[in-house]
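Number of protein chains: 2
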Amino acid sequence: MSSDAYPSMPQWLRQRALLTPDRLAMETAHEELSFKQLYARARQAAGGLRDAGVCCGDHVASLQGNTLDCAVTVYALMLLGAVMVPLNTRLSPMELAGQINESSSRILISDRDNAATADQAVTGADCAIIDVAALTQTAALFDDHEAEIRLTDPCTVIFTSGTTGRPKGVVLTYGNHWWNANGSLINLGLQQSDMWLCCVPLFHVSGLSILMKSIIYGMPVYLMKKFDPEQVNQLLMNGKATHISVVASMLRRMMAITGPNSYPSSLRCILLGGGPVPTALLQSCLDQQMPIYQTYGMSETASQAVTLPPEYMRKKSGSAGKPLFPLQIRIEADGRTAMPNEPGDILIKGLTVFSHYLRNKEATAAAFEGDWFRSGDIGYLDEDGFLFVLDRRKDLIISGGENVYPAEVESVLNGCEEIERAGVIGIPDQEWGRVPVAFVSLNEGAYLSEAELITTCKTQLAAYKVPKRIFVLDELPENASHKLLRRNLYAIYEKMTHEHY
Amino acid sequence: MSSDAYPSMPQWLRQRALLTPDRLAMETAHEELSFKQLYARARQAAGGLRDAGVCCGDHVASLQGNTLDCAVTVYALMLLGAVMVPLNTRLSPMELAGQINESSSRILISDRDNAATADQAVTGADCAIIDVAALTQTAALFDDHEAEIRLTDPCTVIFTSGTTGRPKGVVLTYGNHWWNANGSLINLGLQQSDMWLCCVPLFHVSGLSILMKSIIYGMPVYLMKKFDPEQVNQLLMNGKATHISVVASMLRRMMAITGPNSYPSSLRCILLGGGPVPTALLQSCLDQQMPIYQTYGMSETASQAVTLPPEYMRKKSGSAGKPLFPLQIRIEADGRTAMPNEPGDILIKGLTVFSHYLRNKEATAAAFEGDWFRSGDIGYLDEDGFLFVLDRRKDLIISGGENVYPAEVESVLNGCEEIERAGVIGIPDQEWGRVPVAFVSLNEGAYLSEAELITTCKTQLAAYKVPKRIFVLDELPENASHKLLRRNLYAIYEKMTHEHY
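Quick mapping for you: the protein sequence lines, in order, are chains B and P.
So in the UniProt record's numbering the end of the first sequence lands on 501, straight run, no missing numbers.
So in the UniProt record's numbering the end of the second sequence lands on 501, straight run, no missing numbers.
There's no promise every hint is true.
Which copy is meant is left open, so a pair is good if it fits within one copy or across any two.
[To be verified] Straight-line alpha carbon distances no greater than 16 Å define the calculated EDC-like cross-link-like pairs of lysine to aspartate or glutamate that follow:
1) K226 to D111
2) K468 to D51
3) K225 to E342
4) K315 to D287
5) K315 to D22
6) K316 to E32
7) K468 to D391
8) K240 to D382
9) K361 to E450
10) K36 to D384
11) K495 to E342
12) K468 to E148
Derived by calculation from the structure, the hints in this document are not laboratory data.
Take the sequences, apply the hints, and build the full model.
Take a look at the structure:
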């Protein structure tokens, strides 16, 4: 590597197809593809995208379910050197339009299931829709003969809700994805029989990271269109997969229907992320000696950043574990490194930490302190170096693995002319971990029913962000300078519903 | 990673000791160390080296056998940010002095076994000897609290013989070692039960790379002081190790004494490198269904660069396989990329390729064509992308895994005042693959017996470089411009010995 400190690598899928062409790459309920076939499919899709005008460096949005076509799209954009902007299919057309606009995507790849939403999302925008099914029908194979990547190049932009309500585009480089795949590999090992069951969304970093691992490791992925606990159980019981990524609500639904059967030993890793795990659920997993790897991570760390291996589940119950090899964790209290067991801000440093927030210098600057990323979460390291996460990012509501920021929901409610002020909090929920609940005060003389308010939210917000209840109060609790006191809303909620938690 | 495209990593051993402190790190016939203990030992040795004046960036030579102390030295120097220059213990004092001088090493770490040679090697040089046994006796632990590494920093300098006779110092960065470990990991997988038997020298990249893998993977190494086929077989038969690195001559000696027993299935990888493998040996391995991974690599690629997995041993017999994931191979014929099956120069590109030759701009420039490293070897890629190595670097004699360049031996012979001219070639040998044989013409009136000539060589050359036979000719074959015609020496050798090959 004489001429550059950070030289290029061969295109990952191309290299994988060269190294292990005949190995199984991807399986769905209907189809199986080897790496050679997957590569051919991706080259064809890349040909179609090139014909549609996609160039190296372009941002290209995608609104697709968990299909083979979607996976092929991910790889095709990588072959072209284009940057994929995967959009959450649960978002409202208005939210989607915002992210298409924010990312300057001039093409939106959509599947049939999301075609109607896609149409609404691009209304009035300079963005053409491409039907993913049409992509591979006519185009000549894209010639990627000399295609290489640089680890410093951007690969994907994933939008996350922000504390201010404005979604932030997390720019992840090829290097970020590479180091995540490699850190995870060192952490979990790799065997020839490994197969990862992907039933988390490909538009989230959790799903995307499985696609990256697949072509880097040469490991097949079983891709499910939609999470279905019965189907997942059936696959796992049949020894179909060795690894699965889940969030707590998925795992609970799976375990609710396993009956007395425990999963076979072929299942060697259940990667459990996406927020806090209820103690009762963890206890059941312990009782059944399930290979649970609790993890802590986020889009900004290209997925899994900290992991607790099963052998520590009992001894370090509640811990998220230790960082992946290329990462470091620091706890900061009062501007200094905290002592063991002393809570403080969780900072993360290392090669999987994202590059920057797209066109948002302010948010980027606020997120970094030198090379250290301020996660916004609170936690501590115990005397053995295990991380315990105490509080998620201030006010963040994690609902079924999805992030909901009160500010985002509040800003929609505050947009109603009848509403004077709105406040949103997260309430514990058996099914989803937490769900948003809103409180509003109305302008003088105005009237709106709870149902009407909820309908309004539904037109503008993803279903999981819509408050499950909206209470009308005479006035919201505020401090002397009239700032909303969200924490007081919890007591009000308890009083009004007589629910204790 | 906001501030730098290539940020730092935690010190590997420190991170490993944090992540898996109690896991077994290293075992010898006499001792076992966990990663925590290994780390403590390395910090103590680093403390001793710091007290002896070793600073970050210094080149520090090492003349040690395969002992735990030697491994600790490797890690200690890494903690200090010093660059290790491991010296081949088989070299003559004169050769060693040359490499100490070439690398500006002002400290030579030696063990008892090599103390006498070390003394001779530093005579007259500005280089102090440190006895490795004394290193850990008094020093305070080195505080590496904030120690990090950059992948672009130099880590080791390994000398290889050069075509011109002048040894070249191959500068390998942390990144080179990292990418080799990771490429190998993707290639071979990783299981919790893995343990690598190291009976190749730690002063070669093959041994060094095992030490790197150990702390990156969290994998224990069984370190043998000296290769002993019986002992190795015993360890393998007892299921002690899952992986072993060997060269052909070692493997043949092992297999000669296994009798009818085949190795247990716990042995899942025999990494076979260091030059061509005789067909008969490969056939025996095939017959016994041994998990042979043939490899092609060199110091300049931080060890293993191309690997053939066992499932292709029959179908692609004689092939070195396909490149590690972060590497690419190109065959160049007549200045263009060769067609499949067309032989040409083997060029290698990627993240494990060395940085440069130490203080040797000319050799570095000659070795690189952009990012592509000219291996100097000849070979071809078949239609499936498998590499077949046809000829090793021009004139290179690989003897028992060690490189011998004719030019180096010739220059010693040419230094004798009785000798007019010398020519050296490599002759096939049952035991070592090839051995050097010399031809000399003497000055008028001079006389030297073969025994005298060999004795002269022994004082200046490592034993494996000393010609097994030295023939005195009236004159050596030369071309019109009086250049030595080495290839004609083969015919002369055949004629003189009646040996055919």
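Comparing the hints with the structure gives:
no.	hint	result
1	K226 to D111	within (14 Å within a copy, 63 Å between copies)
2	K468 to D51	neither (45 Å within a copy, 67 Å between copies)
3	K225 to E342	neither (43 Å within a copy, 46 Å between copies)
4	K315 to D287	within (14 Å within a copy, 48 Å between copies)
5	K315 to D22	between (43 Å within a copy, 15 Å between copies)
6	K316 to E32	neither (40 Å within a copy, 27 Å between copies)
7	K468 to D391	neither (22 Å within a copy, 73 Å between copies)
8	K240 to D382	neither (37 Å within a copy, 35 Å between copies)
9	K361 to E450	neither (39 Å within a copy, 77 Å between copies)
10	K36 to D384	between (45 Å within a copy, 12 Å between copies)
11	K495 to E342	neither (33 Å within a copy, 82 Å between copies)
12	K468 to E148	neither (48 Å within a copy, 48 Å between copies)
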